[in-house]
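Residue numbers (the UniProt record's numbering), protein chains in the order written: chain P, 1 to 433; chain V, 1 to 433.
Heads up, some of the hints might be wrong.
Treat identical chains as interchangeable: a pair holds within one or across any two.
[Unchecked claim] Below, a list of computed lysine-lysine pairs in the BS3-like style, where the Cα atoms sit at most 25 Å apart:
1) Lys237 <-> Lys178
2) Lys26 <-> Lys117
3) Lys331 <-> Lys119
4) Lys273 <-> Lys237
5) Lys331 <-> Lys35
6) Lys35 <-> Lys213
7) Lys213 <-> Lys114
8) Lys422 <-> Lys382
9) Lys26 <-> Lys114
10) Lys84 <-> Lys44
11) Lys26 <-> Lys331
12) Lys213 <-> Lys26
13) Lys382 <-> Lys178
14) Lys114 <-> Lys35
15) Lys422 <-> Lys400
16) Lys178 <-> Lys377
17) Lys213 <-> Lys400
18) Lys114 <-> Lys377
Read the hints as simulated data drawn from the structure, not as lab findings.
2 protein chains.
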Amino acid sequence: MEVKVGIVGCGVVGTGTVALLLENAKVIEEKTGIKLSISKVADKDWSRPREYEVPSTLRTTDYREVIESSDIVVELVGGKDFAKRLLLEALERGKHVVTANKHLLAEDGEEIFKKAKEKGLMVGFEASVGGGIPIIKALREGLVGNRVQNIYGILNGTTNYILTQMLEQDVSFDTALKRAQELGYAEADPSLDIDGWDSAHKITLLAFVGFGKLFPFEEVYVEGIRNIDLLDVELGKDLGYTLKLLAIAKRMDSEVELRVHPTFIPSDNPLAKVSDVYNAVLVEGDFVGKTMFYGRGAGSKPTASAVVSDIVDIAKSIGSCKSQSWLWESKEGFRINKNFYSRYYLRFDVPDRPGVLAKIANVLAEYQISIASVLQKEKVCKMAGREGQPIVPLVILTHKAYEMDMQRAIREIQQLPVVEGKPVIIRVEEEAY
Amino acid sequence: MEVKVGIVGCGVVGTGTVALLLENAKVIEEKTGIKLSISKVADKDWSRPREYEVPSTLRTTDYREVIESSDIVVELVGGKDFAKRLLLEALERGKHVVTANKHLLAEDGEEIFKKAKEKGLMVGFEASVGGGIPIIKALREGLVGNRVQNIYGILNGTTNYILTQMLEQDVSFDTALKRAQELGYAEADPSLDIDGWDSAHKITLLAFVGFGKLFPFEEVYVEGIRNIDLLDVELGKDLGYTLKLLAIAKRMDSEVELRVHPTFIPSDNPLAKVSDVYNAVLVEGDFVGKTMFYGRGAGSKPTASAVVSDIVDIAKSIGSCKSQSWLWESKEGFRINKNFYSRYYLRFDVPDRPGVLAKIANVLAEYQISIASVLQKEKVCKMAGREGQPIVPLVILTHKAYEMDMQRAIREIQQLPVVEGKPVIIRVEEEAY
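Taking the hints into account, I'd like the entire structure generated from these sequences.
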């Protein structure tokens with residue numbers, strides 16, 4: 001059976017997808033009996049250099065030509081407005097679609113998914129999370145028998161590279177970011193990555209597949225790594241923790257936590273070992289227990305691998321008399337819970353004199369926050385290079401506490417005359433393994 | 001749509017599967033629209049205690065009743081003879097089958113797969129490798145666009161637990177095995193696990209799915225961990241390696257290596273961090289690069305999760321007018337290559353006197369085996385507790401060499417009058433990450 005695939009957007013991932021479809025068409029046909037052919041590839045600029053030469057017969061600048069000529073339309077333009085119009089138009093014309101556009105789907109996917117459902121068409125978005133890691137399929141099919149409980153992800157290669165550099169090379173955030181930019185891992189404007197938005201888009205989509213609900217994007221708590229101080233990375237390391245930008249989707253019955261923030265995880269946790277630009281997703285289901293999926297989270301070829309797995313799945317369903325849908329809606333009335341319950345790492349700048357700790361401890365106690373340990377002052381001062389100074393860092397690890405209590409306590413502590421500047425607050429996840 | 005599932009064999013995995021199908025039927029229906037119901041569960045002994053109570057209306061002792069009443073027959077009896085008859089009979093009667101029986105499929109699957117193909121039926125065997133890890137699906141579908149190059153697996157929880165104990169607790173193989181048996185991780189007769197057969201069955205099936213050929217089982221090179229000495233685990237650790245029982249399926253064009261043996265892998269390799277009873281599979285494809293899949297490799301509930309993912313996939317295909325097959329045959333004329341090419345760790349017992357190393361090095365050189373390093377004698381003697389003794393261990397790390405050259409060199413070295421007893425030979429895989 002021959003299936004015609006059209007691609008709109010021939011950037012890094014688009015070019016990789018063309019390369020894969022042309023180079024491995026025979027392997028795919030051998031494996032599945034399906035002959036995939038490229039109908040047309042649209043891009044507005046064919047003059048820019050590409051890693052792989054797209055045959056001139058396939059090129060067009062008119063996306064409508066792609067929709068017209070294909071059974072499956074692959075959107076790889078990125079951005080929100082045009083991509084959305086394109087996907088809706090393709091669906092309207094009865095074409096299945098595949099996209100890697102997490103930004104669009106997470107913030108504005110409702111309308112696209114609704115249209116697909118209405119038309120009995122499929123929307124593949126494996127490539128939108130975790131590059132080549134087949135995590136959407138694993139959640140949707142491999143773990144189909146499970147009630148998914150928790151999803152923890154290192155979903156952004158740029159930030160993971162930066163944090164790995166800080167941890168292993170003892171460099172500041174700024175230096176690590178500059179290195180990432182030099183290597184092409186970070187954009188000139190890196191805010192989508194380093195401020196956590198990209199991870200937040202991805203965890204929204206993982207929660208959609210795992211829990212059966214596309215939560216409003218504005219409900220995701222997002223905190224990036226821009227203000228991370230090397231000192232905290234090092235103090236954490238000394239405590240047996242590795243700092244990661246962790247994306248978390250947790251449920252307790254029908255209460256769901258969706259959050260992205262710098263997180264200390266135990267260094268012997270498999271997620272802690274995921275370094276550089278690699279991504280990993282840990283899924284916990286009621287039967288399977290903990291499983292982890294690991295690989296390159298971005299890049300032309302890995303992402304093309306994911307795009308093509310969607311194409312093949314959709315191609316298999318074409319000509320079947322059973323309509324298939326990948327979208328499911330859970331009947332549980334989920335509620336977003338923002339009052340997270342976790343351990344905290346706190347660092348305050350305080351004068352080096354008796355009674356300071358007591359004052360802070362009093363406020364914490366007032367809010368039922370119990371202290372697990374206080375780091376030895378001499379050691380912290382030494383690591384901070386602030387021995388013998390009048391203002392020194394005070395580091396406290398708490399037991400589990402509620403986010404709202406913590407926020408209130410911190411506000412009150414900040415008002416204590418002994419506390420200088422803004423405290424550092426980093427959540428600790430002990431269960432993420 | 002309702003699909004009837006029958007189960008034969010209600011041991012640990014069978015019981016877990018019944019529990020999952022009864023407890024999570026609603027979740028599965030919500031996700032997929034498919035209503036799975038259990039028709040019958042057969043076991044020859046209903047008196048033994050089980051973790052989960054199978055409703056008496058579902059119980060039978062007659063496997064034929066299961067075949068008769070089901071759309072999908074799940075074989076969970078294990079062993080070879082009866083399981084094979086059961087699967088062939090079910091297929092003959094037009095039923096799709098699901099099995100966790102790696103032993104049967106790897107040694108004797110040809111006939112079963114042939115029958116399934118002939119009848120246009122599906123054989124699900126996700127549960128046969130890696131417990132709950134959806135690795136078969138990932139290889140078959142998630143990475144469908146790739147030419148799979150290499151598969152490295154830690155596929156046996158029992159041996160991985162034993163090696164983890166040796167590495168982390170500094171105990172001997174015998175002590176570690178005893179602990180595994182006490183915890184129920186190892187059978188009273190542990191030979192299937194510790195001699196590498198279970199891992200060999202599993203890598204045969206992974207190669208089948210990844211490469212498209214069911215290689216004759218006797219072509220797999222198998223070496224277990226029974227003779228592993230704690231000293232080598234510790235010396236390896238000191239060199240930056242972790243010892244694992246690694247299952248390897250590698251290809252170079254159409255030459256395939258299939259092997260299971262104790263293997264040193266760099267300790268910063270993600271596979272090295274897979275400890276205790278966990279399993280992991282690292283797959284390398286031409287587009288996706290390296291991906292890794294990790295989870296519990298055994299146990300009632302994780303394995304049930306895998307069984308059910310096959311059931312759901314098959315159920316989706318029932319009533320479709322397109323016949324689906326999971327089996328593919330590559331047209332490449334694969335050849336098994338037993339002349340592996342890898343680095344080696346060698347340990348000899350030799351007299352502590354000048355000239356000994358020269359003699360051994362001469363033989364290695366004769367076979368084009370080049371020495372990468374020789375471990376410092378004092379250190380090795382100290383770790384072995386053999387300081388000042390007349391016979392001391394000599395440890396050599398080689399560069400990459402051919403297996404056959406190595407075997408010949410070792411035979412010759414063993415004949416040197418200076419070498420006592422049997423040398424220790426452990427392969428080193430640097431690329432497995």
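Okay, the hints, checked on the actual structure:
Only within a single protomer do Lys237 and Lys178 lie at most 25 Å apart by alpha-carbon distance; the minimum there is 23 Å, versus 35 Å between protomers. For the homomeric pair Lys26 and Lys117, the shortest alpha-carbon distance between copies (21 Å) is at most 25 Å, but the shortest distance inside one copy (32 Å) is not. For a Cα distance limit of 25 Å, the shortest separation of Lys331 from Lys119 inside one copy, 22 Å, qualifies, whereas the shortest one across copies, 39 Å, does not. Within a single copy, Lys273 and Lys237 get their C-alpha atoms as close as 13 Å, and across copies as close as 18 Å, so both meet the 25 Å cut-off.
Within a single copy, Lys331 and Lys35 get their C-alpha atoms only as close as 38 Å, which misses the 25 Å cut-off; across copies the closest is 16 Å, which meets it. In the homo-oligomer, the alpha carbons of Lys35 and Lys213 lie at most 25 Å apart only across protomers (21 Å), although the nearest pairing inside one protomer, at 34 Å, exceeds that limit. For a Cα distance limit of 25 Å, the shortest separation of Lys213 from Lys114 inside one copy, 13 Å, qualifies, whereas the shortest one across copies, 42 Å, does not. Proximity of Lys422 to Lys382 under the C-alpha cut-off of 25 Å is restricted to the intra-copy arrangement: shortest distance 21 Å within a copy versus 53 Å between copies.
In this homomeric assembly, Lys26 and Lys114 come within 25 Å of each other (Cα to Cα) only across copies, at 23 Å, whereas the closest approach inside a single copy is 35 Å. Taking CA atoms no more than 25 Å apart as the test, Lys84 paired with Lys44 passes inside one copy only; the shortest distance there is 17 Å, against 58 Å between copies. Taking CA atoms no more than 25 Å apart as the test, Lys26 paired with Lys331 passes between copies only; the shortest distance there is 10 Å, against 43 Å inside one copy. Taking the shortest Cα distances, Lys213 and Lys26 sit within 25 Å of each other only across copies (16 Å), while inside one copy they are farther apart (38 Å).
In this assembly of identical chains, Lys382 and Lys178 lie within 25 Å of each other by CA distance neither inside one copy nor across copies; the values are 27 Å within and 46 Å between. For the identical chains of this complex, Lys114 and Lys35 are inter-copy neighbours only, at 24 Å across copies versus 29 Å inside a copy, given an alpha-carbon limit of 25 Å. In this assembly of identical chains, the alpha carbons of Lys422 and Lys400 lie at most 25 Å apart only when taken from the same copy (22 Å versus 56 Å across copies). In this assembly of identical chains, Lys178 and Lys377 lie within 25 Å of each other by CA distance neither inside one copy nor across copies; the values are 32 Å within and 45 Å between.
Within a single copy, Lys213 and Lys400 get their C-alpha atoms no closer than 28 Å, and across copies no closer than 52 Å, so neither meets the 25 Å cut-off. In this homomeric assembly, Lys114 and Lys377 never come within 25 Å of each other (Cα to Cα): the closest approach is 57 Å inside a single copy and 71 Å across copies.
The structure fails to meet hints 13, 16, 17, 18 from the earlier list, while all remaining hints are met.
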